[in-house]
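If you want the building blocks of each chain, they are given just below.
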Amino acid sequence: MTQIVKMKGMNKHFGKLHVLKDIDLTVEQGEVVVIIGASGSGKSTLIRCVNGLEEYESGVLEVDNQKLAPKGGNQHALSEIRKEVGMVFQQFNLFPHLTVRKNIMLAPIKVKKASQVVANATAERLLDRVGIGNQADKYPSQLSGGQQQRVAIARALAMEPRLMLFDEPTSALDPEMIGEVLDVMRELAKEGMTMMVVTHEMGFAREVADRVIYIHEGQIVEEGRPDDVFDNPQNERTQAFLSRVLAH
Amino acid sequence: MEFQFQFDWQAAINAIPFLAKGIPYTLMISFGGLAIGFVLGIVFGLLSINKSWFLRWPAIAYIEIFRGTPILVQVLFIFYGLPDLIGGPIDPLTAGIAAIALNSGAYISEVVRGGVQSIDKGQTEAGLSLGLSRTQTFWSIIWPQAFRRMIPPLGNQGIVSIKDTSLFSVIGVGELVRQGQVYIANTFTAFEVYFVVALMYLAITLTLSLLLRLLERRGVASV
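Sequence lines, in order, name chains P and D.
Under the numbering used here, the very last position in the first sequence is 248; numbers go up by exactly one each time.
Under the numbering used here, the very last position in the second sequence is 223; numbers go up by exactly one each time.
For the record, the hints were derived by calculation from the structure and aren't laboratory data.
Small disclaimer: the values here were computed from a predicted structure and weren't measured.
Accuracy of the hints is not assured; some may be wrong.
What the hints assert, rightly or not - Mimicking DSS-like on lysine-lysine, the simulated pairs with C-alpha atoms at most 25 Å apart in a straight line are: (1) P:K83 <-> P:K102; (2) P:K71 <-> P:K21; (3) P:K102 <-> D:K121; (4) D:K121 <-> P:K71.
Bound-form chain D, shown alone:
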């Protein structure tokens, strides 16, 4: 049997408007989740290097649990599992944002910890010797330097999290992959549709990469 495949440009173009409806959801889940994840990362990252064992261990437990389990399991647990606990449904968008937040928060905690620990302890000593408090020393001397070093790994995490949202098609949130699946169910043009979906992810992640490179260059230039 002769079998010839031809890329159907028209099918790809036709799919764009429907697929594009998924972009706001993908962006909302990624960036909403990452914004919360960034806050979680700062809080738990700093707690994980606190002198007090009492503050440190819950932070380390959080980091290990969310780094050590698959994000797919996490989102399924939040979407299907948690409602049993709280006695009411959780909408898929909220579940998706929560999963990205908790998951990226764990990785960002490690980025924060690494960034802070990479700053020479002479910097802290200089701050303290000038009469600054520990808090002042941290926020005006250590953090600005650490943050600059954190930009590349934070960008990396951003890209990973954007791609992770593609898994959330399983909970029925209308993001890019979900839109693609729905569209294919009606048109049977899997090749073209997933090709366009992939391009859309690439457009988002490349934009982020570019912005981060600019930010990094500005940061480096002023040191």
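One chain only, chain P, in its complex shape:
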């Protein structure tokens, strides 16, 4: 099997705070890895390192067979990796000055030099796929949160990524809109997309993940199949965390 992400002994600090400690992690092609942990545990930082939104200081990080050097070195590898890795943010980060259609068309046109016609066709196909084909000419502010996040997923998919990163994609949503976003993600997983997902949605993790990773204070303390991690956690930190989040 092909390894899409390979981390070996990765370390990162924010000033004095050691946010990632000797992270070893690989993600295989087609795998869905869900990363759970308390706020501030380093889980978002971990996936933000994968596409270079955060720099790390030591260790090895390879994404899609490209070495991404520590401390932001190797700009060429970074730009190659970003073309292959899509990202969905907690706050959607849609471009408010562009219509939904243009939001999706921007990167294929600018980065892949796709023609307007091809980019437009891609945008319409993806909007249909995420269930909002009839909203293409609205501006992001005219859509609900759930719709905006689905546009953000479509925008990332337009670059035909080999890997999708999800950074708490439902945390900013009203409860009634979480389901529609998770449905799209579930579909993606079914179609074989490689995914790294940071989330607090334990039900989704249990159902969709091939592997669940629990991070505590910058360290991976538990890793395994969802049933094993949720039903039979080995580490006492994991037990404590799960009993807190699964209690309600």
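Guided by the hints, dock chain D onto chain P, whose structure is given.
Just chain D now, kept in the frame of chain P:
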């Protein structure tokens, strides 16, 4: 002694043609200067937030110097001082345009900096994560949003600069105030003439305000 003042409408009306000759100069200095100032503002505003300290400090020095000294001193320096350096006279119109350009450029730099810094960093992250370069991210995502936010303060600066040109009567450029002074020297109708001069400034600045409001409304409507 009885003293009665009466506004002399005829004197005011008579002054209009002579005063109006100053309008093209006022407009040329304001808008010529502002156009260059806008370019300076973009360049130095962006340099002032550059990561490289080496590019940043000259930009900040420029901004602080031209914001921190009076525009009257600046134009006097350019008109009377610089010729000593370059060994030849500078015509008043050029000096006026240069003063507005350099002065408004410093303020517009700050407007540009504020506009760009007000855009959420998630926008940059989204652009980069899609594979856009930093330059592409800036010009297709950050700048259009920042520019929209810059319109009201830019309009404000435009109005300030138009009014600043009135100071340039001191270097003898035939703008509105200068024309007024010359006219009064012959007619002694200061009240009427300055009243008309003030109205002419107001006509120019109100027109600009109106245009900016229209521009702003269009910009907002499409977000």
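Checked hints:
Proposed proximity of K83 of chain P and K102 of chain P is supported: the alpha carbons are some 18 Å apart, at most 25 Å. For the hint pairing K71 of chain P with K21 of chain P, the CA-to-CA distance comes to about 16 Å; that is within 25 Å, so the pair holds. Annotation: proposed proximity of K102 of chain P to K121 of chain D holds, straight-line Cα distance about 20 Å (limit 25 Å). Using a Cα cut-off of 25 Å, the hinted pair K121 of chain D and K71 of chain P holds, with the two alpha carbons roughly 20 Å apart.
Violated hints are absent here; each numbered hint is respected by the structure.
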